[in-house]
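Enquirer: Position 32, counted from 1, in the sequence shown is what the working numbering calls 32; the numbers after and before it change by one each time, with no gaps.
Just so you know, the hints here were simulated from the structure itself, not pulled from any lab data.
These numbers were taken from a predicted model, which means no experiment stands behind them.
The C-beta atom is built at its ideal place from N, Cα and C for all residues, glycine as well.
Among the hints, a few may not be true.
[Unchecked claim] Think about it this way: if two alpha-carbon atoms lie no more than 16 Å apart in a straight line, the pair counts; the simulated EDC-like pairs of lysine to aspartate or glutamate are:
#1 Lys82 with Glu111
#2 Lys154 with Glu119
#3 Lys82 with Asp64
[Unchecked claim] Pairwise CB distance ranges, derived in the manner of DEER restraints:
#4 Leu200 with Gly8: 19 to 25 Å
#5 Ser157 with Arg196: 50 to 56 Å
#6 Gln194 with Lys20: 24 to 30 Å
#7 Leu1 with Cys26: 41 to 47 Å
#8 Ser27 with Ile223: 37 to 43 Å
#9 Glu192 with Leu218: 17 to 23 Å
#10 Gln203 with Ile160: 49 to 55 Å
#11 Val38 with Leu1: 35 to 41 Å
#12 Gly9 with Glu193: 50 to 56 Å
#13 Leu1 with Leu200: 57 to 63 Å
#14 Pro73 with His113: 27 to 33 Å
#15 Gln203 with Gly84: 55 to 61 Å
#16 Pro163 with Tyr76: 34 to 40 Å
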Amino acid sequence: LFIAVPAGGGGTMLGGWIIKRYELCCSSVLKLLFSGSVLCLLSCFSLLIYCPNHQFAGVDVPCDQTSSPALLPDLYAPCNSKCGCDGVSYSPVCGANNVVYYSPCHAGCTERHEFGQKEIYSNCSCINPYTSIELMQQSKLTVELPVQGVLRAKCPSTCIMMPYFLFMFLLMMLFTFSISLPALSGTLRCVEEQRRSLALGVQWIIVRLLGTIPGPILFGSVIDLSCRLW
1 LFIAVPAGGG GTMLGGWIIK RYELCCSSVL KLLFSGSVLC LLSCFSLLIY CPNHQFAGVD
61 VPCDQTSSPA LLPDLYAPCN SKCGCDGVSY SPVCGANNVV YYSPCHAGCT ERHEFGQKEI
121 YSNCSCINPY TSIELMQQSK LTVELPVQGV LRAKCPSTCI MMPYFLFMFL LMMLFTFSIS
181 LPALSGTLRC VEEQRRSLAL GVQWIIVRLL GTIPGPILFG SVIDLSCRLW
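Let's have the full structure, built from the sequences with the hints guiding it.
Expert: Here is the structure:
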């Protein structure tokens with residue numbers, strides 16, 4: 001929101017300002033439109049920037065040491081079989097082993113503690129105490145966890161790609177909206193006055209057929225394919 005709104009409004013104003021400031025003719029407007037489209041296309045590669053996912057118990061790694069990786073994905077294991085986790089809603093927690101668990105119940109936790117705004121669960125049977133100590137010491141959590149404990153918070157990440165992604169995403173939004181007015185201006189200038197309404201109608205039909213209709217379907221499919229657990 002803090003990127004899309006300023007970039008969208010600023011890009012729209014930028015496109016109109018360039019046309020007015022330099023008094024561009026029809027051919028210059030079309031060149032501006034082409035250049036902006038190329039830059040917009042190149043900036044779309046920012047969507048390929050990503051941070052690696054945290055290990056998710058029952059999805060990427062077994063819930064405990066006795067479960068076989070061949071059975072993944074499986075949120076249930078002997079360590080949480082007696083916890084009655086059926087029907088428990090998604091409430092992710094970060095374990096002392098730096099692994100994300102579906103919920104404190106799925107981590108096999110039996111005790112709950114509150115320290116201010118921090119919510120900690122301890123005595124979690126799915127966390128191996130012998131492998132948790134070393135990883136816990138490397139963790140950047142702002143609260144010290146029990147060896148077999150989990151915290152209701154995001155696991156710490158060392159990924160530094162987020163600022164680069166946000167910057168490239170800002171440019172993509174800026175270029176996308178900056179060519180909206182040049183596209184409208186170019187259409188109106190290239191077509192005879194009596195045919196401008198028809199030209200705008202055809203233009204928006206093409207935009208709808210090639211962009212706004214298949215776009216959400218395509219991106220929705222990509223999001224569904226990237227889902228790690230249904």
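Enquirer: For the range 35 to 41 Å, tell me whether the beta carbons of Val38 and Leu1 fit it or not.
Expert: Since the Cβ atoms of Val38 and Leu1 sit about 27 Å apart, the hinted range of 35 to 41 Å is violated.
Enquirer: So does Gln203 sit 55 to 61 Å from Gly84, Cβ to Cβ?
Expert: holds (59 Å)
Enquirer: Is the distance from the Cβ of Gln203 to the Cβ of Ile160 consistent with 49 to 55 Å?
Expert: violated (42 Å)
Enquirer: Against the range 57 to 63 Å, how does the distance between the Cβ atoms of Leu1 and Leu200 compare: consistent or not?
Expert: violated (30 Å)
Enquirer: Lying within 27 to 33 Å: is that true of the beta-carbon distance Pro73 to His113?
Expert: Roughly 30 Å apart at Cβ, these two residues keep to the hinted range, so it holds.
Enquirer: Per the hint of 17 to 23 Å, is the separation of the Cβ atoms of Glu192 and Leu218 within bounds?
Expert: violated (36 Å)
Enquirer: Are Ser157 and Arg196 spaced within 50 to 56 Å by their CB atoms?
Expert: Cβ of Ser157 to Cβ of Arg196: about 52 Å, so the range 50 to 56 Å holds.
Enquirer: Hey, Lys154 versus Glu119, does the alpha-carbon distance stay inside 16 Å?
Expert: holds (12 Å)
Enquirer: Are Lys82 and Asp64 close enough, with their CA atoms no more than 16 Å apart?
Expert: Between Lys82 and Asp64 the Cα gap is close to 14 Å, so the pair holds against 16 Å.
Enquirer: Take the C-beta atom of Pro163 and the C-beta atom of Tyr76, compute their distance, and say whether it sits inside 34 to 40 Å.
Expert: holds (38 Å)
Enquirer: Could you see if the CB distance from Leu200 to Gly8 stays within 19 to 25 Å?
Expert: holds (21 Å)
Enquirer: Starting from the range 50 to 56 Å, see whether the pair Gly9 and Glu193 falls in it by beta-carbon distance.
Expert: violated (30 Å)
The earlier numbered hints that this structure contradicts are 7, 9, 10, 11, 12 and 13.
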